[in-house]
Every structure is written in C-alpha cells, then in structure tokens.
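2 protein chains.
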Amino acid sequence: MKIALIGCGTVGRGLLELINEKQLILTKKYNLDPIVSAISDPVVGSVYNEGGLDLNKILSLLETDNNIKNYSNGITGWDSLKTIKESNADVIVEATPTNLETGEPGLTHIRTALKSGKDVATTNKGPIALAYHELKALTLNNRCELRFEGTVLAGTPALNLALLPLAGIEIKEVRGIVNGTTNYILTRMESGMSYDEALREAQEKGYAEAKPDADVKGWDALAKIIIIANVLMGGNLKVVDVEREGIDGISKEDVEKALGNNKHWKLIARAWRGDGEIKASVSPKELSEDDPLARIMGVTNAINFTTDVLREVTISGPGAGKRETGFALLSDLIDINRFKEG
Amino acid sequence: MKIALIGCGTVGRGLLELINEKQLILTKKYNLDPIVSAISDPVVGSVYNEGGLDLNKILSLLETDNNIKNYSNGITGWDSLKTIKESNADVIVEATPTNLETGEPGLTHIRTALKSGKDVATTNKGPIALAYHELKALTLNNRCELRFEGTVLAGTPALNLALLPLAGIEIKEVRGIVNGTTNYILTRMESGMSYDEALREAQEKGYAEAKPDADVKGWDALAKIIIIANVLMGGNLKVVDVEREGIDGISKEDVEKALGNNKHWKLIARAWRGDGEIKASVSPKELSEDDPLARIMGVTNAINFTTDVLREVTISGPGAGKRETGFALLSDLIDINRFKEG
Chain A
1 MKIALIGCGT VGRGLLELIN EKQLILTKKY NLDPIVSAIS DPVVGSVYNE GGLDLNKILS
61 LLETDNNIKN YSNGITGWDS LKTIKESNAD VIVEATPTNL ETGEPGLTHI RTALKSGKDV
121 ATTNKGPIAL AYHELKALTL NNRCELRFEG TVLAGTPALN LALLPLAGIE IKEVRGIVNG
181 TTNYILTRME SGMSYDEALR EAQEKGYAEA KPDADVKGWD ALAKIIIIAN VLMGGNLKVV
241 DVEREGIDGI SKEDVEKALG NNKHWKLIAR AWRGDGEIKA SVSPKELSED DPLARIMGVT
301 NAINFTTDVL REVTISGPGA GKRETGFALL SDLIDINRFK EG
Chain B
343 MKIALIGCGT VGRGLLELIN EKQLILTKKY NLDPIVSAIS DPVVGSVYNE GGLDLNKILS
403 LLETDNNIKN YSNGITGWDS LKTIKESNAD VIVEATPTNL ETGEPGLTHI RTALKSGKDV
463 ATTNKGPIAL AYHELKALTL NNRCELRFEG TVLAGTPALN LALLPLAGIE IKEVRGIVNG
523 TTNYILTRME SGMSYDEALR EAQEKGYAEA KPDADVKGWD ALAKIIIIAN VLMGGNLKVV
583 DVEREGIDGI SKEDVEKALG NNKHWKLIAR AWRGDGEIKA SVSPKELSED DPLARIMGVT
643 NAINFTTDVL REVTISGPGA GKRETGFALL SDLIDINRFK EG
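Just so you know, the sequences run in chain order A and B.
Residue numbering for the first sequence follows the numbering used here, starting at 1 and increasing by one per position.
Residue numbering for the second sequence follows the numbering used here, starting at 343 and increasing by one per position.
Derived from the structure by calculation, the hints contain no laboratory data.
As the structure is a prediction and not an experimental result, all values here were calculated from the model.
You may find that some hints are simply not true.
As the list claims (entries may be wrong) - Short derived list, chain B residues pointing at chain A, Cβ under 10 Å:
hint, residue
1, 603
2, 614
3, 616
4, 618
5, 652
6, 658
As the list claims (entries may be wrong) - Straight-line alpha carbon distances no greater than 25 Å define the calculated BS3-like cross-link-like pairs of lysine-lysine that follow:
hint, chain 1, residue 1, chain 2, residue 2
7, A, 279, B, 370
8, B, 399, B, 424
9, A, 115, B, 371
10, A, 28, B, 621
11, B, 478, A, 29
Each residue gets a CB set at the ideal place from its N, CA and C atoms; glycine is no exception.
Can you make the complete structure from the sequences, with help from the hints?
Right, here's the structure in full:
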C-alpha cells in the first residue's frame, strides 16, 4: 500500500510514528506493508520518492527542524493536488485542518483523490460534515474507499464500530459526549471552579485554544453529530439544520445545584428520528447518575447508541490526541487493506 | 450465501427471526442475500431444501409446535454431520449448547465444517474456549472463515470490536463484567437483598438457572475470559490455568460495607500480561466509583480494554438474550460476506 500524506501536522505525525513503530505487526498480523511515498504540507514541506520515504529520517527531521526541507532523497516542492494526482500513492491520507464553512482545502483534496480512483482516509471533519453524500457517491462511481474514523472520537471506534461489528443494526438514536475540551471544563467545574477558571486551566493544559469558541460554543460537537447522523442514520443534515447551544452559559451555581441532585451537566450531541426525518442538536443537559454518559469525566468522550436489537450500547475512550487520532487513520488503512484483499 | 443452522434453540431462532425481518436491508445495504437451506436439531427436527427454507413457515411452526416436523417441503431427518457435509451450505451456523469439558457436539461440528472448507459462525463457547488455536489453523489451511462474536457479550461488539475497528492496537489488559446473572444478583444485593434472595429473584426472572453454578461460581465468565485472552492477546490458556472464584461467598454485609465506601462488588474477568505470558482470572472485586465498570448495573455487561495507543476503551451493552445473541451471528455473517466479496 503506497500512501501520500496530505497535511503533516500533529495528527499526520502521529500516523507516521505509528506506521514506523508497528511495521512488523502490520505485515505479520494484517498483511499490510504501508509505504509512505509522499508528504505534502505548505509549511512543513513536500517530498516524493516513489520507492518510499525513510520514516526514521522524516520523523527525526520533524523533531529537530519542525520541517522536512532537509530531506534530500526525493523530488521536492510538489503541492497537494500534484501529489494526489501524480504520485504513485494508492491511498491518500488527508489530515489538513478542519474548516466547517467551506470544507477546504480538504474537500478539494478528497474529491480529487476519489475522482482519480484513489482510496482516502481522513481525520478532517469539514468535508465529511459538509459533503458526505457527494463523496460517498464518488466512491461508488470510482470503485474506491473513503474512511474517516478519526473525525469523531479520534481513534476510539465510533463510526467504524457502527459500520463494522454493528453492521445490520438499526440505530434509533445517538447521544454523545464528543468534545473533550467542554467535558474537561464541566468536570473541573464540579470540583468548585467557575467557568472562567476551568476554561483558563483547560487552555493552560493545551485542551482549549486561545480562541475557544469552536469547542465551548459547540461547533466541534455540531460537526461530529452531523457526521454521525448523515453516515450512520441516513440523515441529510446541514450546519444550519442543527440546534446548537454551547456550555458558556453554564454557571458554577448550575453545576453545584445539579450535583446536589446527583446530576451532572454534560454537553450532549444528539441525533434522532422525528417526524420521518433525522434531526440533531447540541446542547448542555443535566444527566442523572444512571445515565451511561453521566460519569464520563475529563477529556474522555463517549457515545451511546440506542438500537433496535441491542437496545443501548455505549463506548467510551479518548477523543483527541496526536497518536490517538493518528491511530484512527491507521485503523482505516488496515480496514481498506482487509476489504480490498478479502 | 447458503446457510445451514446446526442447533435450533433460543439463539438459532433469534437469528432466523432477524434474517427474516432484515432481508431487505441486508440485500440493499450489505449486498447479502442469506438463504437458510438446512436446519438440523435433534429435538426440533431436521429439514433440508437446496433452494432454501421458507422462514415464515419455519418460525410459525416453531411458534405453534415448538418443532419443525410438519415442514413438508424438503428432505427430513439428516443429522448434524450429514447436514454439514452434504448440504449445499457455504456457511455453517453452529448454535448448539456450550459444554466446557469436551466442547461437544460443537467442536466436531466446527472441525467438520472447516475441514470441508465451509465458513462457520458460532455462539458456542466450548469449542472456542477449548480449541481456538487448532480451529484457527484449520481456517488457514482450508481458506475459510470462523467467527464467534456471540461467545462473549452476545451481540454487543467485544471480540469484533477488537478485531475490526481496533485492528492494529496492542491490548495490554482486559477487565470485564461478562456475566449478566451475577451482575444482576450483585446489583440487587446493593438494594439490601441477601445473596439467596437475589439469586431466587434472578431465577424467577429467568436470568439464573435452577442449578446456578455455571454463573455464580464463575464458569461462564471463565470460558469468556479464556476466549478473550487466547483470541485477542495471543494467550494459550486452558480451563485449569485460570484462577476462579464465584460470587457465592459475597454476603449482604460485604456489599453494604463496600457501598458505605462508595465501592461496588463486581465479578471481574481479567486477562493480562505477566512474566512474559498471558494470564487470566475470575474473581469478585470491589471497584471504586471512578472505575468505568463500577456503574455497570443489572444484566448489562461491559469490557474495559487497556491498550498501547488509546489507553482505556470501554464498551457496554446487553450480554444475553435471544435476539441479542442471534444478532451476533447475523453480524458475523455480514462480516464474512463483506470480507469474501471485498
């Protein structure tokens, strides 16, 4: 399997590390021999070698220089689209940052790859939240695969849990804690902090950005619940269809009062069937102790599926992180390989 | 896909119902057209029709007569081995009862099927707990597939969670609440019942058998943790290798005392790496509130995986039931089909 990595930020580097470390087990256990033949990133640099790049060298350059401009053994300077179209990669790993308004540049990357008949694995929420049905049709027309486990809950199986071992189930409702930053803030508020104090601590720990709106106002959770609703429940939701309320209106007093009643405030992303169509919302909810999501604390994420045959199934695990999200890409690559060689 | 069902008890009937109800979605969404061409059961009866059995008719006979002896359109009287060897089935569904001492009759059924190059899906814990590595080798030699999701946690993805979306992960430790009966009893004891009262209630509700030893003494959990350890962690454990302690020594006072310390008694099946080998045990443990297994109540089951990249991932859901376990077989059939047509 020859891979081109488009976007070499935190997540892309996480994937490179895992491929490098797990090479033996991938070959032995999964009959997968991943060769990264191209990396293209506007900041880090671009290099292509049809025989494969030396990952030890690449990772060491990233460590020391924070770029790969001194990697000499290959063609340099190809931009993302040239890399997607002209490299020998069978699989494009798209790991550029999410843009929820346009989906770009990821959307053009993925469209271009699929139209060239190349498989795609991505962690970019924008293209999947905005254009899943279009991209799915492209995979069918061009007989190629699109995987995107890492767009929801990082490497903790959420989408692929529903698509693979739960294949055949009907999902009636999904409720999730899908944003670690807000869950961390709400957890810290349960120990007596104000919203502002908890936000500041989350920023100091690197869980929240300096401009925290994407998390605290629910935009990140909104992108994820659209993906869940459209991919797993057959919805056709757009950003404007989803009611959204963040956690920035939750006070220390709200949290204290809930705790006194054995309840916990959580930012819940929810998708359900109503009036013959799929609906979704993001809003803070008070959950009682017997709710399987009530005790999900800190940056841990969780999803609760209500189904026809199994009633409720809940999965929890990390929802962010360099290697945790890189692993989502690796598991997508393993599944593409398994599916193609079956 | 032509299927022979060997063993037509509760679980087999659950599968027949699901195939019958979900036919449309299976064809449309999973490109799977399952045709049950044979059923063989020493009590219910045996019938074979190479064109496929009428499931509506079969289910209606099972409902009214509790057997299929009045199903007239086919060859009757084939025993399980003749059905496995001489029917036109591509896939053998083995759903006979578990025997942890010999694995029979399931073990012979599965060996025979795999040696004939037929794929197998089973819910029978005996053969997998006793002979997984032998059966795995048979699948490799005969280029066929063996699936057994339903041997652990019924249809809640446990094994297939680890094997499919978590492919590529290293599992360092597994802890599970894998027996619903004992968890129900311990949950009811938290509301003040004695062990005997809670056991009696579980028996009245059909959760516990008249002779409850397989559950309360930990044998069922032992079979499941052997399967988990041998399949997911590369162990080679036999029944005698696993330390086992049931819940019948837990008193009302033990439970009360734990509750007073915000702890919960749970029967924990555990597998881990120690001294260079895989080990496993089944025993009651006091879990503190922040343990992801502490709040798993009633007949719900859960498994907590400690991994290299994702740290802890926990899944919970039903661990028993007619349709819940039948669904495990259905999801195995979907995966075999997906893998073979990839």
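Note to self: Does residue 29(A) sit within 25 Å of residue 478(B), going by the straight-line distance between their CA atoms?
What the structure shows: Since the Cα atoms of residue 478(B) and residue 29(A) sit roughly 13 Å apart, the hinted pair holds (cutoff 25 Å).
Notebook entry, point to check: Hey, does the residue 616(B) contact hint survive, CB to chain A under 10 Å?
Noted result: Where the cut-off is 10 Å and the nearest Cβ of chain A is about 21 Å from residue 616(B), the hint is violated.
Margin query: residue 614(B) was flagged as interface toward chain A. Is the shortest Cβ-Cβ separation under 10 Å?
Written below: Since the shortest Cβ distance to chain A is 19 Å, the answer is violated.
Next item on the list: Would you mind confirming whether the straight-line C-alpha gap from residue 28(A) to residue 621(B) stays at or under 25 Å?
Entry: Holds, because 23 Å separates the two Cα atoms, which is no more than 25 Å.
Check: Is the straight-line distance between the alpha-carbon of residue 279(A) and that of residue 370(B) 25 Å or less?
Finding: holds, 23 Å
Note to self: Hinted pair, alpha-carbon criterion (25 Å max): residue 115(A), residue 371(B). Please report holds or violated.
What the structure shows: holds, 23 Å
Checklist line | Agreement of hint residue 658(B) with chain A interface, Cβ distance less than 10 Å | finding: holds, 5 Å
Next item on the list: Quickly compare the C-alpha distance for residue 399(B) and residue 424(B) to 25 Å and report which way the hint goes.
Entry: holds, 23 Å
Notebook entry, point to check: Should the hint that residue 652(B) touches chain A count as held when the rule is a Cβ pair under 10 Å?
Noted result: holds, 5 Å
Note to self: Restraint: residue 618(B) near chain A, CB-CB cut 10 Å. Satisfied or not?
What the structure shows: Interface hint status for residue 618(B): violated (18 Å vs cutoff 10 Å).
Margin query: Take the shortest C-beta to C-beta distance between residue 603(B) and chain A; is it under 10 Å?
Written below: Status violated, d = 17 Å.
Violated hints for the displayed structure, listed by number in ascending order: 1, 2, 3, 4.
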